[in-house]
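Novice: Residue-level listing of the chains:
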Amino acid sequence: MDALDDPKLDALLREAAPRGAPAGFADAVLARARARQRRGRFVHLAAAAAAMLALALGATLWPERPTPSPLGRGRGEGPQGGRGPHSQAPHPTLSQRERELGEAGGRQPEAPAPAFAAVVPSRGDSTHSVMMARFEGKFVIFARPRAAEADEDGPSPRASGGWTTID
Amino acid sequence: MEPDADVAGLVSAARAGSEDAWRRLIEAHQDALLRLAWALTGDRHLAADVAQEALVEVFVRIRQLREPAAFGGWVRTILVRTAQRRRRRHKALPEREMEDGRTPEADLAGQELRQAVDAALAGLSDACRDALALAMEGGFSSAEAAELLGCSPEAYRVRLHKARQRLRAALADFLTE
Numbered sequence: 001m002d003a004l005d006d007p008k009l010d011a012l013l014r015e016a017a018p019r020g021a022p023a024g025f026a027d028a029v030l031a032r033a034r035a036r037q038r039r040g041r042f043v044h045l046a047a048a049a050a051a052m053l054a055l056a057l058g059a060t061l062w063p064e065r066p067t068p069s070p071l072g073r074g075r076g077e078g079p080q081g082g083r084g085p086h087s088q089a090p091h092p093t094l095s096q097r098e099r100e101l102g103e104a105g106g107r108q109p110e111a112p113a114p115a116f117a118a119v120v121p122s123r124g125d126s127t128h129s130v131m132m133a134r135f136e137g138k139f140v141i142f143a144r145p146r147a148a149e150a151d152e153d154g155p156s157p158r159a160s161g162g163w164t165t166i167d
Numbered sequence: 001m002e003p004d005a006d007v008a009g010l011v012s013a014a015r016a017g018s019e020d021a022w023r024r025l026i027e028a029h030q031d032a033l034l035r036l037a038w039a040l041t042g043d044r045h046l047a048a049d050v051a052q053e054a055l056v057e058v059f060v061r062i063r064q065l066r067e068p069a070a071f072g073g074w075v076r077t078i079l080v081r082t083a084q085r086r087r088r089r090h091k092a093l094p095e096r097e098m099e100d101g102r103t104p105e106a107d108l109a110g111q112e113l114r115q116a117v118d119a120a121l122a123g124l125s126d127a128c129r130d131a132l133a134l135a136m137e138g139g140f141s142s143a144e145a146a147e148l149l150g151c152s153p154e155a156y157r158v159r160l161h162k163a164r165q166r167l168r169a170a171l172a173d174f175l176t177e
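These protein sequences, in sequence, are chains A and B. Note that the working numbering numbers the first sequence so that position 136 is 136, with each residue one more than the last. Note that the working numbering numbers the second sequence so that position 97 is 97, with each residue one more than the last.
Relax, there's no trap hidden among the hints.
Label-pair restraints from in silico Cβ distances:
{"hint": "1", "chain 1": "B", "residue 1": "Gln165", "chain 2": "A", "residue 2": "Arg36", "range": "37 to 43 Å"}
{"hint": "2", "chain 1": "A", "residue 1": "Arg14", "chain 2": "B", "residue 2": "Pro153", "range": "20 to 26 Å"}
{"hint": "3", "chain 1": "B", "residue 1": "Glu147", "chain 2": "A", "residue 2": "Arg34", "range": "30 to 36 Å"}
{"hint": "4", "chain 1": "B", "residue 1": "Gly73", "chain 2": "A", "residue 2": "Ala35", "range": "24 to 30 Å"}
{"hint": "5", "chain 1": "B", "residue 1": "Gln115", "chain 2": "A", "residue 2": "Pro145", "range": "45 to 51 Å"}
{"hint": "6", "chain 1": "B", "residue 1": "Arg63", "chain 2": "A", "residue 2": "Leu45", "range": "15 to 21 Å"}
{"hint": "7", "chain 1": "A", "residue 1": "Pro145", "chain 2": "B", "residue 2": "Ser18", "range": "28 to 34 Å"}
{"hint": "8", "chain 1": "B", "residue 1": "Asp49", "chain 2": "A", "residue 2": "Gly40", "range": "16 to 22 Å"}
{"hint": "9", "chain 1": "B", "residue 1": "Ser125", "chain 2": "A", "residue 2": "Leu57", "range": "51 to 57 Å"}
{"hint": "10", "chain 1": "A", "residue 1": "Leu57", "chain 2": "B", "residue 2": "Ala143", "range": "52 to 58 Å"}
The set of hints was computed from the structure by calculation and includes no laboratory data. Here the structure is a predicted model, which is why all the values come from computation and not from measurement. Heads up, the beta-carbon is just placed ideally off N, CA and C, and yes, glycines get one too.
Start from the sequences, fold in the hints, and give me the full structure.
Specialist: Printed below as a string of structure tokens:
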């Protein structure tokens, strides 16, 4: 039984309840929704433009540095090996040379670091944050899904990544 | 409320960008959503804003709805979440009169009752008010309401019982008239 079981109380609450939406309610909702949609589009556009600018600047001007950066250090993130462009596995693998160095030197080879990185956070109804980096002569892009809300309907977004070589 | 097939058709049209479909969907649900928002917040001014905010959320997330015929339940779920979010950060607003079509005479007659009910609702704990709101206006079964509120069906029934008990006590003068 989900209805109120006290008819008097039920009637009282219904009498006191708002009796209808204010005039122009639907128009106000639509105007607010359109404004939010426009704001979302602008933010996406600005983020995409900023990312492209960062990518272009980084790829052409910024030399690779051997110094580790917080993004790459410790976790050894980033693609290596010859999987070719658009690989779906951006996890690190050690090259033969690095393995030999590690074994000979008795210590772990230092994790390579990206020369530059840019992060485009998710906004509005977008499903992913996008991270980009130049990494050992390769351009790496990684899309990380944002956390789904509890009441969110629809498939869970998946992480994906890939890289390609930059000359 | 329109039959499921009509709602599904309107949702499809709304997804395709039809302004008319959006307007019809909003108008079909706005009164019930406003009552539910009021019951959830205990504040009729905040309720209109919460209902609007929830409908904007619906507008933005409409592509995430898998079953167009389930639109009504989905909207109510979003409204409950929106009300809970807003309630957490809401600070008291100055008293304003609701522009909902009442005549001044009816306003005078019902004002005392509305103020008493608002105060009684506001005096409930959030958990009790949520349970009462879903029972009054949500259109959910006990199991669905309990799931939505993140509690067991037994806890939901206990909260509902407490809410009714407290409202009866707070509104005793009106109930005996």
